[in-house]
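Q: Take a look at the letters that make up each chain.
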Amino acid sequence: MFIAEKVGKEWTMDQAPQYAIDHVANSKKNIFEFEFLNSLSAKISNFFGISSESLFYIDLGISKHVFLLFFVSFIVVSTIVTLIQGYISHKKNIPNKFMSIIEMFVIYLRDDVLKNFIGDKEYRSWAPLVYTIFFFVLFGNVLGLIPIFDLTGLIGKIGYKAEMLGKDNILYLLSKGGHTVTANVNVTFAIATITFVAFIAAGIQKYGFVQHWKNLAPSGLPWPLYFVVVPIEFMGLFIRPLALTLRLAGNMMGGHIALIIFITFIFSATAELGGLAGFGIAPFSISLALGLTMLELLVAVIQAYVFALLTAVFIGMAIHVDH
Amino acid sequence: MNPLLTPELGTYVWSLVIFMTVLFVLRKYAWNPLLDFLEEREKDIAESLKMAESAKTDLEQIKDESEKILNEAKKEGKAIVGDSKLRAEESAAKILNDAKAKSNEFLDDAKSKIEIEKKRAIKEIKEEVVDLSLELATKVLQRNVKDDDNSKFIKSSLEAVKVDEAKS
Chain A
1 MFIAEKVGKE
11 WTMDQAPQYA
21 IDHVANSKKN
31 IFEFEFLNSL
41 SAKISNFFGI
51 SSESLFYIDL
61 GISKHVFLLF
71 FVSFIVVSTI
81 VTLIQGYISH
91 KKNIPNKFMS
101 IIEMFVIYLR
111 DDVLKNFIGD
121 KEYRSWAPLV
131 YTIFFFVLFG
141 NVLGLIPIFD
151 LTGLIGKIGY
161 KAEMLGKDNI
171 LYLLSKGGHT
181 VTANVNVTFA
191 IATITFVAFI
201 AAGIQKYGFV
211 QHWKNLAPSG
221 LPWPLYFVVV
231 PIEFMGLFIR
241 PLALTLRLAG
251 NMMGGHIALI
261 IFITFIFSAT
271 AELGGLAGFG
281 IAPFSISLAL
291 GLTMLELLVA
301 VIQAYVFALL
311 TAVFIGMAIH
321 VDH
Chain B
324 MNPLLTPELG
334 TYVWSLVIFM
344 TVLFVLRKYA
354 WNPLLDFLEE
364 REKDIAESLK
374 MAESAKTDLE
384 QIKDESEKIL
394 NEAKKEGKAI
404 VGDSKLRAEE
414 SAAKILNDAK
424 AKSNEFLDDA
434 KSKIEIEKKR
444 AIKEIKEEVV
454 DLSLELATKV
464 LQRNVKDDDN
474 SKFIKSSLEA
484 VKVDEAKS
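Line order of the protein sequences matches chains A and B.
Using my numbering, you'd call the opening residue of the first sequence number 1 and step up by one each time.
Using my numbering, you'd call the opening residue of the second sequence number 324 and step up by one each time.
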């Protein structure tokens, strides 16, 4: 991460948290401006009666995270479709290295998660959703860990000063290192919304609209208890996607912030105690960051798995009410 | 507001759109074909395993059967050999007996023929002796001239008879 030169001499120790937050947070301005997107944003916001100053203004411009979302989805789709189509069209029963990793996840999720929680018959209609969630989140997490965009930072250092282009220029933003889309609560909330819709749709599909909502309350309780149980179950319905949202975003955010803070130890030591202290602390700080990156890699897989698992569990709960 | 928790409805909408698109594309071109393929493959494997199992039992059955057939053939072969030996012995004995019987028959036949010939020869000699005696008597009667002569003649005739007898 080429933070050192960028921050230069103005660095003070108390800048570190803000720097880390800026790194993880979305850009304040859009990195690409499209006229039709701006007018569309204005129209939709007007329709809902949201003013442009409001916090809830629907700005459809391409911000840093939206750009990365496109990037992640492109990588996910191209990788998976190429691998799977290549595998199937060859009619060979032996997958190659990457395909066998995908196949391992697919078979594991199918046998241990989908069939287990959703059921042997019903799992097929929900399998694509669970798989897509798993791989989308996994690729989002892992791509955030790979500092691919630090290369653009390097090129920027050699060729020109990225800062001169302005703080919201794409090259400057991309030169700030890897970004994780799944650390943005809006992104994770969108995926959690899909999970939410999916498990309600699963219940309605199985029991019909009325019966599904009746299933919220377990039958056979003494009637005064329903005043307690129904609100709890109803709240649970909305807490589930919120928990999904915050769990994933929090995990990704926390890891990245810690990673950046460890690196800023070097600059803080340099700024406060001089260059020698900076050199002294660098091995310590880099080894910490290295270890944390390994841990984050593990967390990336685990969080993707947890998101997919919980989606399957919620769908299964809606289908098998007696549990 | 903390920039990490700012609601960005634009990002939210984009996330929904992008995720749904990814879901749609992957569902159509990746997950459903892959799940079908895996199911097909698992079915194939299960079938081949079943086939292998049945082939194994078939093989065992065939092995048992062939062993049985082999044992029977061995037994039969033994029986055939034993039988033929017996028969050969029998027929050899029979041939030998037949030959013996036939040779005995020949011998008997020859003996009896010899006996008949002998009897006939003796009979012929006897007749010859009678004839000679008669001839001799007639000759004696016709030459009754001298006693001396007579006796001389009888003596010579008798000698002739003796010679004849010795000859025959």
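Derived by calculation from the structure, the hints in this document are not laboratory data.
Among these hints, one or two may not hold up.
As the list claims (entries may be wrong) - List of simulated lysine-lysine pairs, DSSO-like, C-alpha gap at most 30 Å:
1. A:Lys206 - B:Lys366
2. A:Lys206 - B:Lys351
3. B:Lys398 - B:Lys417
4. B:Lys408 - B:Lys379
5. B:Lys485 - B:Lys442
6. B:Lys436 - B:Lys423
7. B:Lys401 - B:Lys373
8. B:Lys391 - B:Lys401
9. A:Lys121 - B:Lys366
10. A:Lys43 - A:Lys115
11. B:Lys351 - A:Lys97
12. A:Lys214 - A:Lys115
13. B:Lys442 - B:Lys423
14. B:Lys373 - A:Lys115
15. B:Lys391 - B:Lys379
16. A:Lys115 - B:Lys351
17. B:Lys408 - A:Lys121
18. B:Lys397 - B:Lys386
19. B:Lys442 - B:Lys425
20. B:Lys475 - A:Lys121
21. B:Lys425 - B:Lys441
22. B:Lys462 - B:Lys485
23. A:Lys115 - B:Lys366
24. B:Lys401 - B:Lys386
25. B:Lys462 - B:Lys475
26. B:Lys462 - B:Lys478
27. B:Lys449 - B:Lys436
28. B:Lys446 - B:Lys485
29. A:Lys97 - B:Lys366
30. B:Lys397 - B:Lys408
Q: Out of the numbered hints, which ones does the structure contradict?
A: 4, 7, 10, 17, 20
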